[in-house]
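One-letter residues, chain by chain:
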Amino acid sequence: MTGSRNFLSRLSLSLAPLLVALLIAILLLVATGAPPLDTFAKLFTGSFGTSSKQADTFVVWVSLAIVSAGLLITFTAGQWNIGVEGQIMVGSIFATWAARGMWEQSGIVGIPVIILWAMVGGALWALLVAVLKIYGKVNEIFGGLGFNFIATAFNIYLIFGPWKQKTGGTLSGTEIFPEALWMPTLPELRVSPIAIIIALFVLVVIYLSLRGTLWGLQLKAIGKNIRAAFVLGVPTNPLMLSAYAVCGACAGLVGAFLVIIVHHRLIPSISSGYGFLGILIVLLSSFNALWLAPLALFFAAVSIGSTALQLELNIDSSLGGVLQGVLVLVVLLMQGIKEKVISK
Amino acid sequence: MEFFIAILASILSDSAPIIFASLGETLNERGGVINLSVEGTMLLSAMAGFAVAFTTESLVLGFLAAMIVGAIVASLVAFGSITLKRDQVAVGFILTLVAGDLSSFLGVPFVRVPGPQIESLPIPFLRDIPFIGPVFFERDIITYLSFALIIGMWLWFYKTQPGLQLRGIGERPEASFARGGNVKLMRYIYILLGGALIGFAGAAFSLHVKLGWSHRATAGFGWIALAIVIFGGWDPLKVAFGAYLFGALRASATTLQSSGLEVPVQVFPLLPFPLMILTLVIFNSRGLDRVLNYLPLGARRALTRLLRSNPPAALGTHFEQE
Amino acid sequence: ATPTTEAPKKFVFGLIMVGPKEDHGWNEAHWVAAQDVLKNVPNTDLVWIDKVNPADRPGVTIEQVSDDLVAKGAKVIFTNSAEFKDGTNNAAKKHTAVTFIHISGDAVLDKSAPANVGNFMGRMEYGKMIAGCAAALTTQTGSIAYLGPLIDAETRRLTNSVYLGAKYCWENARGKKDTPLKFEVTWIGFWFNIPGVTLDPTQVVNGFFDKGADVVLSGIDTTEALVVAGQRAKAGKKVWAIPYDYIGGCKEAEAVCLGVPYFNWTPAYQKTITEVQAGKWKQSWDWNGPDWKNINDPKTSHVGWVDGKALSADGKKSLDAFIADLGSGKINLFAGPLKYQDGKEFVKAGATADDKTVWYTEQLLEGVTGKSK
Amino acid sequence: MRVELKNIHKHFGAVHANNDVTLTVEGGSIHGLLGENGAGKSTLMKVLSGYIHADGGEISLDGKKLKRFNSPADALRHGVGMLHQDPLDFPPMTLLDNFILGCDASLLQPRARAEKEFRELCQQFNFDLDTNAFVSDLTVGERQQLEIIRLLWLGARTLILDEPTTGISAPQKIKLFATLRQLAADGKSVIFVSHKLEDVEDLCHRVTVLRRGQMAGEAKSPFVTERLVQMMFGQQLNIGKRPNVELGAPVIEFDHLTLKDDRLTVPDISLSVRMGEVLALAGLEGSGQQLFLQACAGLLPPSAGQLRLNGIDLTRKPYENFLRAGIAYMPADRMKEGLVPGLSIEEHIVLAKRGKKDALIDWTRTRQTATAQITDFNIKGIPTTRVEALSGGNQQRTLLALLPPDLKLLALEHPTRGLDIESTLYIWGKLLERRKQGAAIIFASADLDEVLQYSDRILVFFGGRVIETVRSSETSVEQLGYLIGGKKQ
Ligand SMILES: Nc1ncnc2c1ncn2[C@@H]1O[C@H](COP(=O)(O)OP(=O)(O)OP(=O)(O)O)[C@@H](O)[C@H]1O
Ligand SMILES: Nc1ncnc2c1ncn2[C@@H]1O[C@H](COP(=O)(O)OP(=O)(O)OP(=O)(O)O)[C@@H](O)[C@H]1O
Ligand SMILES: [Mg+2]
Ligand SMILES: [Mg+2]
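Residue numbers (the numbering used here), protein chains in the order written: chain A, 1 to 344; chain B, 1001 to 1322; chain C, 2001 to 2373; chain D, 3001 to 3489.
Hints may contain errors.
Under the rule of at most 25 Å between Cα atoms (straight-line distance), these lysine to aspartate or glutamate pairs were calculated in the DMTMM-like manner [claimed, not checked]:
(1) LYS137/A - ASP3333/D
(2) LYS3260/D - GLU3246/D
(3) LYS2238/C - ASP1128/B
Pair by pair, the computed Cβ-Cβ distance ranges are [said to hold, decoys possible]:
(4) ARG3263/D - ILE1123/B: 45 to 51 Å
(5) LEU27/A - PHE1079/B: 17 to 23 Å
(6) ILE1123/B - PRO2180/C: 36 to 42 Å
No lab work stands behind these hints: they were computed from the structure.
C-beta atoms are modelled at their ideal positions from N, C-alpha and C, and glycine is treated no differently.
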């Protein structure tokens, strides 16, 4: 009896943030004169309504799942890897670099090389932040931010400079890749089943390594108390570098996918804010790998669905971002309220 | 010479928003709380300030609205971090994203709409001082306020009793509490004040510098303001110096285009951001220590004190008062 | 049989805009044309999306947006930025039953366009020449500045047109052959301010005035040049500006506005819609000029010019004469000899440039200060 | 001022820290408060000074009843001020800023007035403090002096000092006692909290003893030591004798070792420590002992000189090599440097394992090891208990349990700080076992009794220098007290 009540109260405690977030969203919509029910319906049909929408949602899911898995590693090591946006971008740059070297290659050779090279790029970019943090004592938030700015500048430089289209540099990006170098997708749809399999694989590997490996445990230790971990004999510097490298490689992988699945070229804001969304997802997951996949799907659906709002209801698509952020904020604050109530 | 004066004057008035934002953040962090939401707060308040000034045709109301918006976002940071003891960085980061998106969402009707703007207001007599006059005293009320804020905050920190107390709560809250400070209340007050200043910065952006509102209009200025606070070692004068340095970098980005550098024009506007962060990195890295180590002790001490100072010791920590 | 009360199905057309629809510039001009079509062509309906650019909608592609517009029934889709070339072509390949019009594009000209893509553009070169002339007629410091967007063939030819118009009027109407006109261009990097990607146009315009220019012409889609000039004028400075794109462009600071060269997209839009409706549309690349009989005729002239309040009476007279001479062919500013910045020949002495040469302008002209690439 | 505490109760969760405590302090007297660790002394004083609110009981000052003080500032307004063991001041600020912060000023800082009165107070007590110096450059004793004059300046008539004699030298102690006597003579009341019998006996007029939160008794000067001990512990404690151990080959050797950090230089130490030897490091906090210990452990590379472990040169080698050579370091701040809060005992055992480690963790085996260690070290917890949920004594036991079996050198910082006598005895029992197995032990402690009790040799640090090396059998607590203050007799 008490067991079920306990379960119910716990369920209501975890559902409450969702309801509060929903309520805020409804208030916001009413305040701006939009019909709330219709909006949510359109948000849903806009992301799952047709097979093409579902496919688009999964395209975004792949990116969010992989990047949040990577971020889980740096968060476990106690690091705010704000530089993840830049790492995605550099992944795309490296992917494009590789592609430009293999313009005439077949996809079987070209695509794996592009992906690996992008992962190397992302990892290297992340390592820069780590090196600054470890050897230069520069807070990773500002290091990461700096490297985001630099990656953006470099990306723009390439698009309008050395890699500009034959007709001149434009914001629409570099020359489109030859179709051989596009990641194969399902017929008529934009989603690539191989990418989904890779994303699932990444999730499983990250989950298992945090659970059952010495590396995972050591990461946890440096995340919670780096000094004590060091004194206990944990090789903190190599470990920190490895955490950034893994996260950077994941970001690089996302960068490669954005180039060879979504845009087929390098574009200015190639990272599309997925890195920051990944941070939100990890915060929402309470650092539990099992939650990443469903949360990433939810975020992907909101992102794709909100584009449809513009067309269907003339509601600005930034509403999606507001919903995502408010949800995470409310969950975080509710956790605090819960703790306060319990400690009383 | 005339050109030089014009450029200097432009830097001073274009830097006003960054001055307000970074000094607002200085106030927060001196009290021990990081408000990472600066970028989002500035966006939201820039939008709100413009929207209100546009609809009411009153600049004063616009600035007021922006300050209120800034204080509201800050109150969420305060509530989350002081009362609920959540990670300050997490709360601030989420608020950055939420406020940013909210500004886009609510700001749709005001995108690139022409609206009211701050007029220039030369100060009689003072403007006639050679060089000083045209540089400092042919500006507008917002720029004058930014000057006043720099000096006022310095006086507040180092010459007044409440300012001393403020430094105390960011340094060692338990000791401040022992000396009669109501740490939580003071932290709330200073976060709200700091937030209001950051909000003011937003309005200064849309009503003073950018002349209007568009999506994501602050584009990294909030982040830079955070970096400038560190660069300036939490000291109002040095923070202001950092803000002007950034302003100078931006001004040179515009001029650099005609320098004949073989770089696409789109790269120039981006350069001040990494440059500013790079400066921060150099100033805060161990490399500087190594260089300073070669200097004689006296010079080293003085330089160290000038170039950097430690963050408020309790920055980012929670405090529980009985 | 009983008569059906159901309204006949509407003909839906789509519009994809790069910037916000009410920017008092390029996009608003397109928005107005679409509204005119709704008014003038019975039984039409519009589906649209604006702000399709990496700053406002990161990650949103023309292909995606086209899918959505097609799903809502669009039979014709207009895309309004040079940036949309590849996206338009790809979307057209996917939706072969829909007609795509890529405005300001040249895919038909360079033969990369699928069969269902068409291009048109207005001959703004004339508008820009007129604007240049108005500036030269007004300047007191002999220094004119041009607020450039990004650098490509289109913006180079428009900048050159301004310069040619200004130079002509400076030397002829003002008779100052001996003092060279100063003409500088600074590129912000895109068609409008994208914070963090482009230079800040307000800062650039302030810089122009600081450095001594007194007339600034806008080459970008938004109105910063005019607003800043207005602000300066209120502070007692003698400065002017010329906006761009939209017939209502002067509104924000009438007192300093010398006039505005604008696009009138309505005739071209209307023509496309009616042709597609009738099944008569054929792929083409159209470069539509002004109607010299009356460049401000909304039915026939694709490009126009309206005088601003700040243009002096004398200036007005000289400008009208200049326009008349352009229309009559008495003046052809693209007549040789013309040289590029690096000394390379653009138009031989005695020749006049053909459309293709002008369209694919490679550099700024000799005499213009600023980057060509 | 006469201070009365009546029937004070205070609970912390299940702990009844103060159970019906009643205490009277006469004006013009020095009143001692004695008790073992955790007896509730600090709690009672925090109630009296307004830091915490009692669950029950009342306070009267000069016969006037008050329910309680709302805050430390409120208490100070009524004339009660408290000095904490770790002075509550602001290290990066100047003395003057510290002095003024908290005073009753409305807007502007009363700098000129404060400076003048600061000087007068310094003169009155013969303190040598410079208003422009930074607090971070002061010794603990000087920081106490600063706090005392600050509290007096703000009108304190009752002064509470919580364990003021740890971390200060003998001359500073003498000065402090003189000051306190002077205050009492002026009619102020002083409450002196300590568990050091000799200090209390030397200074106080009356003593109250607390045990497990309750009053265990009161006594008047002159005191009978045995009776006080009995009241404190409820029994006569039998402190074991130090067994003699045959010393073996040198374990660690230093050759003109020089150490440096940003505040301190420890120059030129030459020394060797042999198997089975226990070396104690005595000195005021921050005199260089910590640097020395960290250098032994390989956590601080020496800036000059050589360091050999078992004959192998390890100078400026990475920490890893030191670990491999068989050293272990136990820091003073257990939760900051020793253990990882958030991780369980068994996870710590995986982390602390030395030598070859498997990439995949065998949780079943780990749990068995953890269970065995928990029993062996008498830790009150289970393998999955998170370390932050352990009490201080159990945390220290856990750290001991994490030490690998074949150690050559143990470097310990304040190994029993904050622990009660029982835990202390247990831990030293375990440590001395190691010594029998041939390990050398180097430890730093602020507790001179502990230093004398367990070591063979003592290095006395003062201002970064080793000013004396003495054999434990040839010195006394008094002599050490003078030495750590830099005075050779
Ligand atoms: N803030 C607190 N929260 C929980 N328990 C506490 C708190 N403060 C003290 N205690 C507990 O109350 C009891 C009394 O502690 P107190 O600090 O008064 O002891 P003490 O006599 O001063 O000991 P010591 O000599 O070690 O300083 C101890 O069991 C301690 O663990
Ligand atoms: N953060 C915590 N979470 C859960 N339990 C805790 C926590 N901190 C302390 N406890 C429990 O509270 C009790 C009292 O802890 P405390 O540290 O006061 O012990 P103590 O009396 O000082 O013991 P010791 O002499 O070993 O230091 C212990 O049983 C401990 O397990
Ligand atoms: Mg105590
Ligand atoms: Mg304890």
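Cross-check of the supplied hints:
no., hint, verdict
1, LYS137/A - ASP3333/D, "holds, 23 Å"
2, LYS3260/D - GLU3246/D, "violated, 34 Å"
3, LYS2238/C - ASP1128/B, "holds, 21 Å"
4, ARG3263/D - ILE1123/B: 45 to 51 Å, "holds, 49 Å"
5, LEU27/A - PHE1079/B: 17 to 23 Å, "holds, 18 Å"
6, ILE1123/B - PRO2180/C: 36 to 42 Å, "holds, 40 Å"
Checked against the numbered hints listed earlier, the structure breaks hint 2 alone; every other hint is satisfied.
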